[in-house]
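**Student:** Listed here are the chains, written in short residue letters.
Protein chains: 2
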Amino acid sequence: MTLPLAGLVVLDLTHVLAGPFASMTLADLGARVIKVERPGIGDDTRAFPPFKDGRSAYFAAINHGKASIALDLKSEDGRETFERLMARADVLLENNRPGAMDRLGYGWEAVHEAYPALVYGSVSGFGHTGPDAKRPSYDMVAQARGGVMSITGEEGRDPVRVGASIGDIAAGMYLTQGVLAALLDRERTGLGRRVDVSMLDSQLALLEHAIAIASVTGKAPGPTGARHPSIAPFETFHASDGLFVIAAGNDTLFEKLCVTLGLPISDDPRFATNPARCDNVRLLKRLIEAVTLEHPRAHWIAKLTAAGIPTGAIQSVDEVMKDPQIIARNMVVDVLDRNGRQAYKAAGNPIKMSGAEDKTSRAPAPDLDGNRGEILRWLDGS
Amino acid sequence: MTLPLAGLVVLDLTHVLAGPFASMTLADLGARVIKVERPGIGDDTRAFPPFKDGRSAYFAAINHGKASIALDLKSEDGRETFERLMARADVLLENNRPGAMDRLGYGWEAVHEAYPALVYGSVSGFGHTGPDAKRPSYDMVAQARGGVMSITGEEGRDPVRVGASIGDIAAGMYLTQGVLAALLDRERTGLGRRVDVSMLDSQLALLEHAIAIASVTGKAPGPTGARHPSIAPFETFHASDGLFVIAAGNDTLFEKLCVTLGLPISDDPRFATNPARCDNVRLLKRLIEAVTLEHPRAHWIAKLTAAGIPTGAIQSVDEVMKDPQIIARNMVVDVLDRNGRQAYKAAGNPIKMSGAEDKTSRAPAPDLDGNRGEILRWLDGS
Numbered sequence: 001m002t003l004p005l006a007g008l009v010v011l012d013l014t015h016v017l018a019g020p021f022a023s024m025t026l027a028d029l030g031a032r033v034i035k036v037e038r039p040g041i042g043d044d045t046r047a048f049p050p051f052k053d054g055r056s057a058y059f060a061a062i063n064h065g066k067a068s069i070a071l072d073l074k075s076e077d078g079r080e081t082f083e084r085l086m087a088r089a090d091v092l093l094e095n096n097r098p099g100a101m102d103r104l105g106y107g108w109e110a111v112h113e114a115y116p117a118l119v120y121g122s123v124s125g126f127g128h129t130g131p132d133a134k135r136p137s138y139d140m141v142a143q144a145r146g147g148v149m150s151i152t153g154e155e156g157r158d159p160v161r162v163g164a165s166i167g168d169i170a171a172g173m174y175l176t177q178g179v180l181a182a183l184l185d186r187e188r189t190g191l192g193r194r195v196d197v198s199m200l201d202s203q204l205a206l207l208e209h210a211i212a213i214a215s216v217t218g219k220a221p222g223p224t225g226a227r228h229p230s231i232a233p234f235e236t237f238h239a240s241d242g243l244f245v246i247a248a249g250n251d252t253l254f255e256k257l258c259v260t261l262g263l264p265i266s267d268d269p270r271f272a273t274n275p276a277r278c279d280n281v282r283l284l285k286r287l288i289e290a291v292t293l294e295h296p297r298a299h300w301i302a303k304l305t306a307a308g309i310p311t312g313a314i315q316s317v318d319e320v321m322k323d324p325q326i327i328a329r330n331m332v333v334d335v336l337d338r339n340g341r342q343a344y345k346a347a348g349n350p351i352k353m354s355g356a357e358d359k360t361s362r363a364p365a366p367d368l369d370g371n372r373g374e375i376l377r378w379l380d381g382s
Numbered sequence: 001m002t003l004p005l006a007g008l009v010v011l012d013l014t015h016v017l018a019g020p021f022a023s024m025t026l027a028d029l030g031a032r033v034i035k036v037e038r039p040g041i042g043d044d045t046r047a048f049p050p051f052k053d054g055r056s057a058y059f060a061a062i063n064h065g066k067a068s069i070a071l072d073l074k075s076e077d078g079r080e081t082f083e084r085l086m087a088r089a090d091v092l093l094e095n096n097r098p099g100a101m102d103r104l105g106y107g108w109e110a111v112h113e114a115y116p117a118l119v120y121g122s123v124s125g126f127g128h129t130g131p132d133a134k135r136p137s138y139d140m141v142a143q144a145r146g147g148v149m150s151i152t153g154e155e156g157r158d159p160v161r162v163g164a165s166i167g168d169i170a171a172g173m174y175l176t177q178g179v180l181a182a183l184l185d186r187e188r189t190g191l192g193r194r195v196d197v198s199m200l201d202s203q204l205a206l207l208e209h210a211i212a213i214a215s216v217t218g219k220a221p222g223p224t225g226a227r228h229p230s231i232a233p234f235e236t237f238h239a240s241d242g243l244f245v246i247a248a249g250n251d252t253l254f255e256k257l258c259v260t261l262g263l264p265i266s267d268d269p270r271f272a273t274n275p276a277r278c279d280n281v282r283l284l285k286r287l288i289e290a291v292t293l294e295h296p297r298a299h300w301i302a303k304l305t306a307a308g309i310p311t312g313a314i315q316s317v318d319e320v321m322k323d324p325q326i327i328a329r330n331m332v333v334d335v336l337d338r339n340g341r342q343a344y345k346a347a348g349n350p351i352k353m354s355g356a357e358d359k360t361s362r363a364p365a366p367d368l369d370g371n372r373g374e375i376l377r378w379l380d381g382s
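Chains U and Y, in that order, give the protein sequences. Under full-length UniProt numbering, residue 382 is the last one in the first sequence; the count climbs by one each step, no gaps. Under full-length UniProt numbering, residue 382 is the last one in the second sequence; the count climbs by one each step, no gaps.
Hints are computed from structural coordinates only; laboratory data are not their basis. Hints should not be assumed to be uniformly reliable.
[What the hints assert, rightly or not] Below are the PhoX-like pairs computed for lysine-lysine, each with C-alpha atoms no more than 25 Å apart in a straight line:
1) Y/K52 x U/K219
2) U/K322 x U/K345
3) Y/K74 x Y/K134
4) U/K256 x U/K303
5) U/K219 x Y/K345
6) U/K322 x U/K303
7) U/K322 x Y/K219
8) Y/K322 x Y/K52
9) U/K345 x Y/K219
10) Y/K134 x U/K322
11) Y/K359 x Y/K52
12) Y/K322 x Y/K345
13) Y/K219 x U/K52
14) U/K303 x Y/K134
15) U/K285 x U/K303
16) U/K52 x U/K359
17) U/K256 x U/K285
18) Y/K256 x Y/K303
19) U/K74 x U/K134
20) Y/K345 x Y/K52
21) Y/K134 x U/K256
22) Y/K322 x Y/K359
23) U/K219 x Y/K322
24) U/K345 x U/K52
25) Y/K285 x Y/K256
26) Y/K285 x Y/K303
27) U/K134 x Y/K303
28) Y/K345 x Y/K359
29) U/K134 x Y/K256
30) U/K359 x U/K322
31) Y/K322 x Y/K303
32) Y/K74 x U/K134
Keep in mind the model is a prediction, meaning the values are calculated, not measured.
If we strip away everything but chain U, and leave its shape as in the complex, we get (with noise of 0.2 Å):
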């Protein structure tokens, strides 16, 4: 049972979450992930809420089991020290302004130069290119102006933000497959590429079908409540109790329905294809909320669940958590604190693999400068 990234040592320069959040998956499968961070703050989410026993469960979230030093990479110190974890490195990661490297003399080509196997990612709100490169961003803003926003939300209201951090996430996944690929590269090459990717660019990769709409039609789409813009029915719907999802993505699916709800329509011409039920979509709404009204939501997913047709409850973050599925996959991990007790729950590894064991805890995160000695033993033994 070995992790399949066994062996890698990941450099990490960044911090919030768009990088932690790519070192955390390459961590999950099996890097060795050295955090370097500034002397006497470190990562700002060391102070970002909610806390227990005085550490930033956020934080602990994101950074379980990687290690930390403190470095000043303006001192004469703190650069030898980084050079020679460079020396030892096979990715470094970083999230800096760009420019900002440049100016410590740690940029793309100067790195290169001095250690050309390294693979050198980089993250940032607009790229290292374009006339918005500099400009600072957060998640808020990759979401709204990348699209994202302008199709979440109820129809004719303002938008909303997606609930998860997709703006900083969806960077943080594209950086790990960027990385991933650029070390592969490297197997046949010898040498480290330089991956330069943008939280505003990963936002509009996430819009395929609504880049096709506006593309085709000319107009671009709106907010459409929790109802699928193209495929109906593909939204919630009532039940006493409560809402629930029904996703009848084809025809066959739809007939199903149709035959589990006694609701004898799939004939008919206004819904027989889907084009004719996205036309017809208040109606065929109030039709089968007619039917799933008379009882509660359990019922219509067993029912429906029976019948071979996707539906699903609403869950909040506490019932996916105990989720059976979810338990059963490993999805909710203990992260210990330092005496190996349970401190606080966090997202398993999502990449299941075998050969590679699915731990069902993690190791803390570190406190900031907390595993310097071992670091720079580990240097030494070289």
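We have chain U already, so just place chain Y on it with the hints.
**Tutor:** What follows is chain Y alone, placed relative to chain U:
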């Protein structure tokens, strides 16, 4: 200029969105993707609107640059060709209902025995283990059951769906990461691994912040409209002509914001720290909007940007597609038709990499079985 995955062959049995999204990224990074489709119908999304010249722009947006061969995996002829393809491929992707590949004789164990170097990537609604492994799913079910919907929407109103199909896309992105990590591992061991990613697990993995909150406070977070749940000010504000975003993620940025708005409240104990600002977020919003309503969005975005404060418009999809930064980053590409003319627009590749050409157009999406001849010739030429 070589793409990092040049030379890799991906045999892609997936359809609809999660799997094809993964193989799209692999293709964008240089892999040769051979899409194996059902004879007659092919990928369901070939029938998804919108259409142009009789072809689905939705299908084209996700499947450009791939090759297609139609194979009946229950016929002798289809199986023989498929097995010859597996012998040449580096990666097999599939998104059949758990159990279906086994019934075909192409489950992980059998394939691994016959083709030990092949990486086997599966994506499904709930994963290949656990009580609900065999249930059907769609994006909407994953978003609902996975908790993301419960934190997306307006406070006190019904939750909404994330406008982008992140139920599928997040799973596709984790599949890509898992496959790349397995390929890297294969460089050392010579052996492929099995990657098993589920849509439900992948939703949970997006909940960083929400799980931390639920774990420590014991209370599940709800939707907070356009506002971040634990940073303030970090939301939308009305200017005289509409909404825009201000994301002042730390005290320094908040102080700059107060100076720029001419609103001397940064020393007020109700607003001096982020926790205090979160406690008084409604009052804070009214105070800021009292000022921002004086001028149009463009005024504020220019002024705040000059002061280094993260800000931005809420752009519609057509506005994003024309955004100068997006254009400069080549994030909207042309999908060509068979005559080499621009047919549709699609999202570009957000993974920018040194030494890798970032093409401004994509080869057409394949016709069903449209590459049979060349694929068979390639197999024979081995």
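**Student:** Can the restraint linking Y/K256 and Y/K303 be considered satisfied, given a maximum Cα separation of 25 Å?
**Tutor:** holds (11 Å)
**Student:** Holds or violated: Y/K285 with Y/K256, Cα cutoff 25 Å?
**Tutor:** holds (16 Å)
**Student:** Verify the proposed pairing of Y/K345 with Y/K359, using a straight-line Cα cut of 25 Å.
**Tutor:** Cα-Cα ~13 Å, so holds.
**Student:** For a C-alpha distance cap of 25 Å, please report whether U/K52 and U/K359 respect it.
**Tutor:** holds (23 Å)
**Student:** Verify the proposed pairing of U/K74 with U/K134, using a straight-line Cα cut of 25 Å.
**Tutor:** With Cα atoms ~21 Å apart, U/K74 and U/K134 stay inside 25 Å; holds.
**Student:** Hey, U/K256 versus U/K303, does the alpha-carbon distance stay inside 25 Å?
**Tutor:** holds (11 Å)
**Student:** What's the verdict on U/K219 and Y/K322, does the C-alpha distance respect the 25 Å limit or exceed it?
**Tutor:** holds (13 Å)
**Student:** Could you grab the alpha-carbon distance between Y/K322 and Y/K303 and see if it respects the 25 Å cut-off?
**Tutor:** Distance ~22 Å between Y/K322 and Y/K303 Cα, so the pair holds.
**Student:** Would the hint linking U/K322 and U/K345 be met if the CA-CA limit is 25 Å?
**Tutor:** Answer holds: U/K322 to U/K345 is near 12 Å, not above 25 Å.
**Student:** Given the hinted pair U/K256 and U/K285, is their Cα-Cα distance within 25 Å?
**Tutor:** Holds: U/K256 and U/K285 sit about 16 Å apart, inside 25 Å.
**Student:** Holds or violated: U/K219 and Y/K345, Cα atoms, limit 25 Å.
**Tutor:** holds (13 Å)
**Student:** Is the straight-line distance between the alpha-carbon of U/K303 and that of Y/K134 25 Å or less?
**Tutor:** Status holds; Cα separation ~15 Å.
The structure fails to meet hint 32 from the earlier list, while all remaining hints are met.
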